[in-house]
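Visitor: Sequence:
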Amino acid sequence: MIKELKASYGDLFEAELIKEIVQVGTFKEVPAGFKLMDIGDYIRGMPLLVLGVIKVLREDKEGDELLLYYLEKGETCSMSMTCCMGQTKSEVRAIAETDAKLIMIPIRKMEEWTAKYKSWRNFVFESYHNRLNEMLLTIDSIAFDKMDERLLQYLKEKARVNNNDVIHNTHKEIAYELHSSRVVISRLLKKLENLGIIELHRNYIRIINI
1 MIKELKASYG DLFEAELIKE IVQVGTFKEV PAGFKLMDIG DYIRGMPLLV
51 LGVIKVLRED KEGDELLLYY LEKGETCSMS MTCCMGQTKS EVRAIAETDA
101 KLIMIPIRKM EEWTAKYKSW RNFVFESYHN RLNEMLLTID SIAFDKMDER
151 LLQYLKEKAR VNNNDVIHNT HKEIAYELHS SRVVISRLLK KLENLGIIEL
201 HRNYIRIINI
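For the record, in the sequence shown the residue sitting at position 2 is 2 according to the numbering used here, with numbers rising by one throughout.
To be clear, the hints were calculated from the coordinates, so they are not data collected in a lab. Treat each hint with caution, since some may be false.
Lysine-lysine pairs mimicking BS3-like chemistry, simulated, CA-CA at most 30 Å apart [what the hints assert, rightly or not]:
1. K190 <-> K146
2. K55 <-> K156
3. K191 <-> K109
4. K19 <-> K73
5. K89 <-> K109
6. K55 <-> K19
7. K3 <-> K101
8. K55 <-> K118
9. K6 <-> K28
Quick list of simulated restraints, FRET-style, between CB atoms [stated by the list, open to error]:
10. K89 <-> L66: 12 to 20 Å
11. L132 <-> G40: 20 to 28 Å
12. N133 <-> Y42: 46 to 54 Å
13. E4 <-> Y128: 22 to 30 Å
14. E112 <-> E149: 17 to 25 Å
15. D140 <-> E112: 18 to 26 Å
16. E91 <-> R202: 34 to 42 Å
17. T88 <-> K156: 32 to 40 Å
18. P31 <-> E112: 31 to 39 Å
Idealized CB from N, CA, C, for every residue including glycine.
Go ahead and model the full structure; you've got the sequences and the hints to work with.
Guide: Pasting the structure below:
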């Protein structure tokens with residue numbers, strides 16, 4: 001665990017902080033599809049992602065989901081930090097996009113490290129900044145981009161974070177994450193196939209020209 005932690009955070013944190021993280025953190029290893037946090041949950045610790053990818057989603061009143069952003073190794077969820085510090089319920093859902101390894105940091109250490117370590121303060125502020133920018137991009141996409149443009153960007157980002165040009169999500173799952181309907185997504189995917197951008201198969205989508 002120490003080796004993996006240093007590989008992901010060694011350039012961000014002081015050696016002394018790395019030691020404290022190892023001492024007080026709880027190591028977790030979860031498979032793809034595992035629900036790490038759900039809407040309405042109280043957050044008992046802040047996750048530091050050591051390996052893998054986690055997707056963070058929002059849900060509307062009808063239960064439809066919208067993908068907000070992905071978390072990758074060396075990152076954390078600023079919404080988790082806010083819930084931890086304020087002891088409030090989560091307003092987002094976090095699901096492992098791939099097999100993932102993470103370290104859960106106790107709430108009591110977050111404020112202590114903010115005062116003790118400059119690198120931790122910088123990490124927390126930068127995390128807030130990055131997640132805010134990603135959510136603004138999501139809002140801009142919904143407000144200004146056509147659905148075919150959003151779908152194309154979704155496929156590109158999905159392929160990037162998984163490092164794989166094969167996407168195993170169903171049309172219905174993609175529709176949920178883009179807050180659209182399966183019929184619309186299926187029609188647009190067929191359009192992308194006709195343009196030679198993707199190949200549609202029974203259980204997967206292959207990206208061939210993005």
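Visitor: Does each hint fit the structure? Answer for all of them.
Guide: Hints and how they fare:
1. At roughly 16 Å between alpha-carbon atoms, K190 and K146 fall within 30 Å of each other, so this suggested pair holds.
2. The hinted pair formed by K55 and K156 meets the criterion: a straight-line CA distance of about 15 Å does not exceed 30 Å.
3. About 51 Å separates the Cα atoms of K191 and K109, which puts this hinted pair outside 30 Å; it is violated.
4. Straight-line distance between C-alpha atoms of K19 and K73 comes to about 18 Å, which keeps the hinted pair within the 30 Å bound.
5. This hinted pair checks out: K89 and K109 have alpha carbons roughly 19 Å apart, not beyond 30 Å.
6. The suggested pairing of K55 with K19 holds, with an alpha-carbon distance near 28 Å, which does not exceed 30 Å.
7. Our distance criterion of 30 Å between C-alpha atoms is met by K3 and K101, whose separation comes to about 13 Å.
8. The straight-line distance between the Cα atoms of K55 and K118 is roughly 28 Å, inside the 30 Å bound, and the hint therefore holds.
9. Taking the CA atoms of K6 and K28, the gap is near 16 Å; set against the 30 Å cutoff, the hint holds.
10. A C-beta distance of roughly 19 Å is found between K89 and L66, which places it inside the suggested range of 12 to 20 Å.
11. The given range of 20 to 28 Å is respected by L132 and G40, whose C-beta atoms sit roughly 23 Å from each other.
12. Evaluation of the 46 to 54 Å hint for N133 and Y42 yields a failure: the beta carbon distance comes to about 27 Å.
13. Checking the proposed 22 to 30 Å range against E4 and Y128 shows it holds: the Cβ atoms sit about 25 Å from each other.
14. Remark: the range hint 17 to 25 Å for E112 to E149 is contradicted by a beta-carbon distance near 45 Å.
15. Taken as a hint, the range 18 to 26 Å is violated for the pair D140 and E112, whose Cβ atoms sit roughly 37 Å apart.
16. At about 36 Å, the CB distance of E91 to R202 agrees with the hint of 34 to 42 Å.
17. Distance hint check: the CB atoms of T88 and K156 are about 34 Å apart, consistent with the given range 32 to 40 Å.
18. Our hint of 31 to 39 Å for P31 and E112 holds, since their Cβ atoms are close to 32 Å apart.
Consistency note: the structure conflicts with the earlier hints numbered 3, 12, 14, 15.
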